[in-house]
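Protein chains in written order, with this note's numbering: chain S, 1 to 667; chain Y, 1 to 133; chain H, 1 to 224.
Worth double-checking, as some hints may not be accurate.
Going by beta-carbon spacing under 8 Å, a handful of chain H positions derived as facing chain S [to be verified]: (1) I38; (2) F46; (3) D50; (4) A56; (5) A60; (6) V63; (7) N67; (8) A148; (9) F149; (10) D186.
Facing chain S, a subset of chain H residues (Cβ under 7 Å, in silico) [said to hold, decoys possible]: (11) A29; (12) G42; (13) I45; (14) A69; (15) P72.
For the record, the hints were derived by calculation from the structure and aren't laboratory data. Just so we're clear, the structure is a prediction, and the values are computed from it rather than from any experiment. Glycine residues also receive a C-beta, built at the ideal position from the N, C-alpha and C atoms.
As a plain string of letters, each chain reads:
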Amino acid sequence: MLGKLSWQAVPFDQPIALAAGAFVVLVIVGALVWVAAKGYIPYLWREWITSVDHKRIGIMYCLLAAVMLVRGFIDALMMRSQQALAFHAAGYLPPEHYNQIFSAHGTIMIFFMAMPFVIGLMNFAMPLQLGVRDVAFPTLNSVSFWLTAAGALLVNLSLVVGEFARTGWLPYPPLSELTYSPGVGVDYYLWAIQISGVGTLMTGINMVTTVLKIRAPGMSYMRMPIFCWTTLASNLVIVAAFPILTATLAMLLLDRYVGFHFFTNEAGGNAMMFQNLIWAWGHPEVYILVLPAFGVFSEVVSTFSGKPLFDRRSMIVATLGICILSLCVWLHHFFTMGAGGDVNAVFGIASMIIAVPTGVKIYNWLFTMYGGRVRFSSAMLWSIGFMVTFVIGGMTGVLLASPVADFVLHNSLFLVAHFHNVIIGGVVFGVFAGYTYWFPKAFGFVLDERLGKAAFWCWFVGFYVTFVPLYVVGLEGMTRRMQRFDRPEWYPWMLVAEVGVLTILCGIVLQIAQLWVSIRQRAKRRDLTGDPWDGRSLEWSTTSPPPVFNFAVLPVVTSDEPYWSIKQEARARRHLVTAEPDYAPIEMPRNSPTGFVTAFFAVVTGFSLIWHIWWLVILGLIGAYVTFVAFAWRDHTEFEIPAEEVARIDRANRAARAAALAGEPVR
Amino acid sequence: MSEPSDFDAGSYVGADRVPGQPEGRSLALEVRGYLIGLGLATLLTIASFWADQTREIYASGVAMALLVLAVAQIGIHLIFFLHITTDPDNENNILALAFGVLIVCLIVFGSLWVMLHLNHNLMPMNQLMQMQR
Amino acid sequence: MSSPALRLSVDPALGPAGIAPGHVTGHGAGGPAPKRIIVGYGFWIFLLSDVIMFSAFFAAYAVLFKNTAGGPSAHELFDLHSTAVETAVLLASTFTCGMASLAVGHRNQKWTQIALLVTGLLGFVFIVLEIREFSSFVARGAGPSRSAFLSSFFTLVGCHGIHVSVALLWLGTMMAQFYAKGFRQDIRHRFLCFSLFWHALDIIWVAIFNLVYLVGSLPPELLP
Chain S
1 MLGKLSWQAV PFDQPIALAA GAFVVLVIVG ALVWVAAKGY IPYLWREWIT
51 SVDHKRIGIM YCLLAAVMLV RGFIDALMMR SQQALAFHAA GYLPPEHYNQ
101 IFSAHGTIMI FFMAMPFVIG LMNFAMPLQL GVRDVAFPTL NSVSFWLTAA
151 GALLVNLSLV VGEFARTGWL PYPPLSELTY SPGVGVDYYL WAIQISGVGT
201 LMTGINMVTT VLKIRAPGMS YMRMPIFCWT TLASNLVIVA AFPILTATLA
251 MLLLDRYVGF HFFTNEAGGN AMMFQNLIWA WGHPEVYILV LPAFGVFSEV
301 VSTFSGKPLF DRRSMIVATL GICILSLCVW LHHFFTMGAG GDVNAVFGIA
351 SMIIAVPTGV KIYNWLFTMY GGRVRFSSAM LWSIGFMVTF VIGGMTGVLL
401 ASPVADFVLH NSLFLVAHFH NVIIGGVVFG VFAGYTYWFP KAFGFVLDER
451 LGKAAFWCWF VGFYVTFVPL YVVGLEGMTR RMQRFDRPEW YPWMLVAEVG
501 VLTILCGIVL QIAQLWVSIR QRAKRRDLTG DPWDGRSLEW STTSPPPVFN
551 FAVLPVVTSD EPYWSIKQEA RARRHLVTAE PDYAPIEMPR NSPTGFVTAF
601 FAVVTGFSLI WHIWWLVILG LIGAYVTFVA FAWRDHTEFE IPAEEVARID
651 RANRAARAAA LAGEPVR
Chain Y
1 MSEPSDFDAG SYVGADRVPG QPEGRSLALE VRGYLIGLGL ATLLTIASFW
51 ADQTREIYAS GVAMALLVLA VAQIGIHLIF FLHITTDPDN ENNILALAFG
101 VLIVCLIVFG SLWVMLHLNH NLMPMNQLMQ MQR
Chain H
1 MSSPALRLSV DPALGPAGIA PGHVTGHGAG GPAPKRIIVG YGFWIFLLSD
51 VIMFSAFFAA YAVLFKNTAG GPSAHELFDL HSTAVETAVL LASTFTCGMA
101 SLAVGHRNQK WTQIALLVTG LLGFVFIVLE IREFSSFVAR GAGPSRSAFL
151 SSFFTLVGCH GIHVSVALLW LGTMMAQFYA KGFRQDIRHR FLCFSLFWHA
201 LDIIWVAIFN LVYLVGSLPP ELLP
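Produce the entire structure from the sequences given, and follow the hints as far as they go.
Okay, structure coming up:
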C-alpha cells in the first residue's frame with residue numbers, strides 16, 4: 001500500500017541524523033503552531049501565499065534562500081569539523097553519513113540557496129527598474145516559486161524519512177544507478193531537482209519575456225539598467241540550459257525506475273555521456289548565478305560612487321558575450337575523462353577566453369569608482385570584497401582551464417577552493433550586497449549598517465582563512481570529499497580552515513542579529529522618501545515599499561538614468577519637476593492559490609514516486625491536471641484599483657519627496 | 001472582445017508580431033497560404049522517403065541529404081504555418097529562434113564530437129577486439 | 001518651463017515616447033506590448049526550451065545509436081510504412097490546426113469545433129499507430145531495456161508521443177472552453193499557444209522521421 005515506505009525509513013539508529021531531523025521537525029511544527037495561534041494564517045494566505053505580486057514573490061524566494069543558507073552552512077560546518085578531527089582518526093561522521101552531507105551541502109547551496117536568492121532579487125527589482133507593474137506572467141511566477149519550495153521541502157524531508165544521495169551534488173553514474181545506489185537517496189535528489197527545475201525554467205521564460213516585451217515607454221534596450229541586462233542574459237541561459245538538466249536527469253530516472261540503459265555498465269550504456277550532458281547544463285548554471293550578481297554590483301558601485309556606470313556599452317556587450325560563451329566551455333569539468341588533446345585544447349582555450357569579458361566588467365567597475373565620491377556603506381564593502389575575491393578565484397579558474405594543470409588538480413581541494421572562491425566571492429557577496437541595497441525598498445526601513453559591516457568583515461576574513469588552506473592542501477595532493485586522511489602535512493591546514501568556517505559562522509550570526517535589531521528598531525530606521533541611497537534608477541522613485549501597482553503612471557524614459565536626471569533637475573529647482581499626472585484606475589492580476597496547490601500536488605507526486613507508492617502518484621498527477629484546468633477556467637483574472645486610491649497613494653509619495661526637496665523634515 | 005487591460009496599453013498599430021498568428025489578410029489568401037505550405041511539406045516529405053530508398057544519391061551522402069531535407073521541411077513549417085518572416089516586427093522572434101538553433105547545434109554536435117573522442121580513447125577491450133576481428 | 005526630460009501627458013499622434021505609430025522598432029520602446037504579444041512570445045520561448053530538451057535526447061540517441069548490445073539495430077527494426085502513415089497524419093493535422101486558427105480568427109464556432117475535432121482525431125490516430133509500433137518492438141524482444149540504443153530510441157520518440165498526448169488533452173480542453181465561453185480574449189490567447197505547440201510538435205516529428213527513422217533504416221555501411 002505504501003510502496004517502499006515503512007518505519008525503517010526514519011533514522012532511529014543514526015543519532016546525528018535523528019537529532020537533526022527531530023530539530024527540523026520541531027522548528028517547522030513550532031513555527032506553524034505559533035503562526036496559527038497568533039492568527040496570522042488568513043493574512044499570510046491572502047497577502048503572501050497566494051500573492052502573484054513580483055515583489056512579494058521575490059521576498060519569499062530570498063527568505064527561502066536565507067533559510068537554506070543556514071541549512072547548507074550547517075552541512076559545511078559539519079564537513080569542516082569532520083576533516084579537522086579525522087587525522088588518523090575516524091572523526092564523528094561515518095562515511096555513509098559524511099557522503100550524504102557533502103551531497104546535500106552542494107545540492108542545497110546551488111539549487112535552494114543561490115538560485116532562489118538571485119531569482120528573488122531579479123524578481124523584486126527588475127520590474128521596478130523597467131518602470132512597469134509586474135512580470136509577464138504573474139501567476140506563473142507564483143507557480144515557479146512554490147515549485148522551488150516544493151523541491152527544497154523534498155530535500156529536507158530526506159533528513160527525516162529515508163536518506164539523501166551519497167553521490168555528490170551531481171549524481172554520476174554508475175554510482176547513481178540502481179545497482180550501486182539502491183536506496184531512495186538518489187531518487188529524493190532527482191525528483192526534488194526535476195520539480196524545482198520546472199519552476200526555474202518557467203522563471204526563465206517569464207523574465208526573458210518581461211525584459212524584452214514589457215518596459216516603460218521610451219526605455220529602449222540601451223536605456224535599460226545593467227541589472228536588467230544581466231537579468232536578461234541570466235534567464236536566456238536558464239532557458240538554454242535547464243532543459244538539458246531535465247532531459248539528463250530524466251534519463252537517469254528511466255534507468256533507475258524502468259530499467260533503461262542510458263548510463264548503465266551493461267547493455268551498451270555510456271556513463272561518460274552523463275557527465276557530458278550534465279555539465280552542458282552545469283557550467284551555464286554557474287553563470288546563471290553570477291550574472292545577476294554582476295548586475296547587482298553594477299547598480300551598487302554606480303550608486304555608491306555617485307557616478308554613472310563607466311562605459312555601459314562595453315558592459316552590455318561583455319554581459320552578452322559571457323551569456324553565449326558560458327554555453328561553450330562545459331568540457332573543462334571533465335578534461336581528465338579522456339577526450340584527448342584536440343578536444344581538451346579547444347575547450348581549454350574557450351574557458352580562458354571567457355575570462356576576458358569578465359575582466360572588462362571589473363575594469364568598468366573600477367573606473368566607475370575612480371573619480372567618484374565613494375561611500376563605503378556595507379553594500380559597497382560587499383562589492384569591493386567581491387572585486388578582490390572574485391578576481392583571485394577567476395585567476396585560479398584560468399589556471400585550471402589549462403588541461404595540463406587540470407590533470408594534476410582535478411577533483412582536488414584546489415578545485416573546491418576555486419569554485420567556492422568564485423561562488424562565495426561572486427554570488428554570495430553579490431546577493432548580500434543586493435539584499436542590503438534593496439532591503440529598504442522591500443520593507444520600508446534600512447538595515448543596521450554597523451552590524452552589516454561587521455558581518456562583512458567576518459565573512460571576508462573567514463572566507464580566506466577557510467579556503468586558502470584548501471588551495472594549499474589541494475596543491476599538496478589532497479582530494480575532495482575525504483572522510484578521513486593520514487597525511488600529517490595536511491592536518492594543520494584543516495585546523496586553520498576550521499577557524500575560518502567558525503569566523504564565517506560569526507558573520508552569519510551577525511547577519512541574523514542585524515535583521516533582528518533592525519526589525520526591532522524599524523520605526524527609527526524608516527525610509528521616508530523611498531530613496532535612502534541617493535539612487536539613480538527607477539525603483540528609487542517609488543515609495544518604500546512600493547504600492548502593489550508600482551507606478552501610478554508608467555514613467556516615460558528619455559535617458560539611461562531616468563530617475564537621476566529628474567532628481568538632479570528637481571534638486572536644482574528645489575521642487576518637483578513633473579506635474580501631477582492624470583490618475584486612471586489600474587487593473588492588477590488577482591491573487592491565486594494555483595502556485596501553492598500545484599506545488600502541493602508536486603510534493604505528493606514526488607514523494608510517492610520516491611517511495612514507489614504508485615496509486616498516490618496517479619492521484620497527485622490528476623490533482624495537478626485538475627489545478628491547471630481550474631486555473632484556466634477562471635473568469636475574473638484581474639481586479640481594479642480605483643483612480644482615487646491611486647491618486648491618494650501617489651500624492652503621499654509626491655508630498656514626501658517635495659518636503660525632502662524643500663529641506664523640511666519628512667513627517 | 002474584452003476591454004483592454006493595462007497590459008494592452010502603450011502599444012500601437014504595427015508593433016510586434018507573434019509566431020503562429022495569422023497575418024490578418026482575407027480568408028482565401030490565408031487558406032491558400034496554408035495549402036501551399038501543406039503541398040510543399042508533402043513534396044519534401046515524399047522526397048525524404050525517396051532519398052532513403054533510392055540508389056540515385058551517392059550512398060554515403062544519403063544521411064546528409066536527409067538532414068538537408070529535414071531542415072527544408074522545418075523551414076516550410078516555420079514560414080507557412082508559424083508565419084515567421086523577416087519583417088522588422090518579427091525581429092525578436094527570429095533572434096529567439098536563432099538562439100535556439102545555436103543551442104541545439106552546440107548540444108547535438110558538441111556532444112557528438114566529445115563523445116566520439118571519448119569513446120575512441122576509452123573503448124572497452126571487447127569492442128576493440130571485435131573491431132579487429 | 002517644463003523639462004524635456006519628462007513628459008507625462010502623451011501626444012496621441014506620436015504614441016508614447018515620441019515614436020510615430022507604424023514605425024515599428026520591435027525594440028520595446030513603445031511601452032509594454034499588448035497581451036497577445038506577451039503571451040505569444042512567452043510561449044515561443046517555452047517552445048524553444050522544449051526543442052532544446054528534445055535536442056538533449058537527440059544527442060543521447062546519436063551517441064548511443066550503435067550500442068545495440070547484440071540486440072536488434074535500427075535497420076532491422078524500423079517499418080517505414082508505419083512511419084509514412086504517422087508522418088502523413090501529423091502533417092494533415094497541422095494543416096487542420098491552421099484551419100482552426102483561421103476559424104477562431106473569424107469567430108466561427110462551428111468550423112472551430114470541426115477543425116479541432118479533425119485535428120484531434122488525426123493526432124489520436126498518430127498515437128495509436130505509435131503505441132502499436134512500440135508494442136510490436138517490445139513483443140519482438142526489442143523493448144527499451146534491451147540495449148542503450150533502444151532505451152534512447154524509446155525515450156526520444158516516446159517523449160514526442162507524450163507531448164502529443166498532452167496536447168490532445170489540451171485540445172479537448174480548448175474545445176470545451178470555446179464551446180462554454182465563446183471567443184473570449186484569454187481563451188484565444190491560450191489557443192494561440194496551443195496551435196504554436198501543435199505546429200512545433202510536427203516540426204519535431206520532421207526531425208524524428210528524417211533523422212531517426214529514415215537515417216536509421218539505411219544499411220549500416222551507409223552511415224557516418
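Status of each hint after checking the structure:
For I38(H), the shortest C-beta to C-beta distance to chain S is roughly 5 Å, which falls under 8 Å, so the interface hint holds. Checking F46(H) against chain S by beta carbon gives a least distance of about 5 Å; that is within 8 Å, so the hint holds. The beta carbon of D50(H) is positioned within 8 Å of a beta carbon in chain S (closest approach about 7 Å), and the interface hint is therefore held. Interface hint at A56(H): satisfied, since its Cβ lies 4 Å from the closest Cβ of chain S, which is below the 8 Å cut-off.
About 6 Å separates the beta-carbon of A60(H) from the nearest beta-carbon of chain S, less than 8 Å, and the hint is met. Restraint check, V63(H) versus chain S: the minimum CB separation of about 5 Å is within 8 Å; hint holds. Interface hint status for N67(H): upheld, as the beta-carbon distance to the closest one in chain S is roughly 3 Å, under 8 Å. Annotation: interface hint on A148(H) holds; nearest CB of chain S at approximately 4 Å, less than 8 Å.
The beta carbon of F149(H) is positioned within 8 Å of a beta carbon in chain S (closest approach about 7 Å), and the interface hint is therefore held. Hint on D186(H) holds. Least Cβ distance to chain S is approximately 7 Å, under the 8 Å limit. Taking 7 Å as the C-beta contact cut-off toward chain S, the hint placing A29(H) at the interface holds, the least distance being around 4 Å. With a least beta-carbon distance of about 4 Å to chain S, the hint placing G42(H) at the interface is held under the 7 Å criterion.
Checking I45(H) against chain S: minimum C-beta separation of about 5 Å stays under 7 Å; hint holds. Among the interface hints, the one on A69(H) holds; its C-beta lies about 4 Å from the nearest C-beta in chain S, closer than the 7 Å criterion. Because the beta carbon of P72(H) sits about 12 Å from the nearest beta carbon in chain S, more than 7 Å, this interface hint is broken.
Checked against the numbered hints above, the structure breaks only hint 15 and satisfies the rest.
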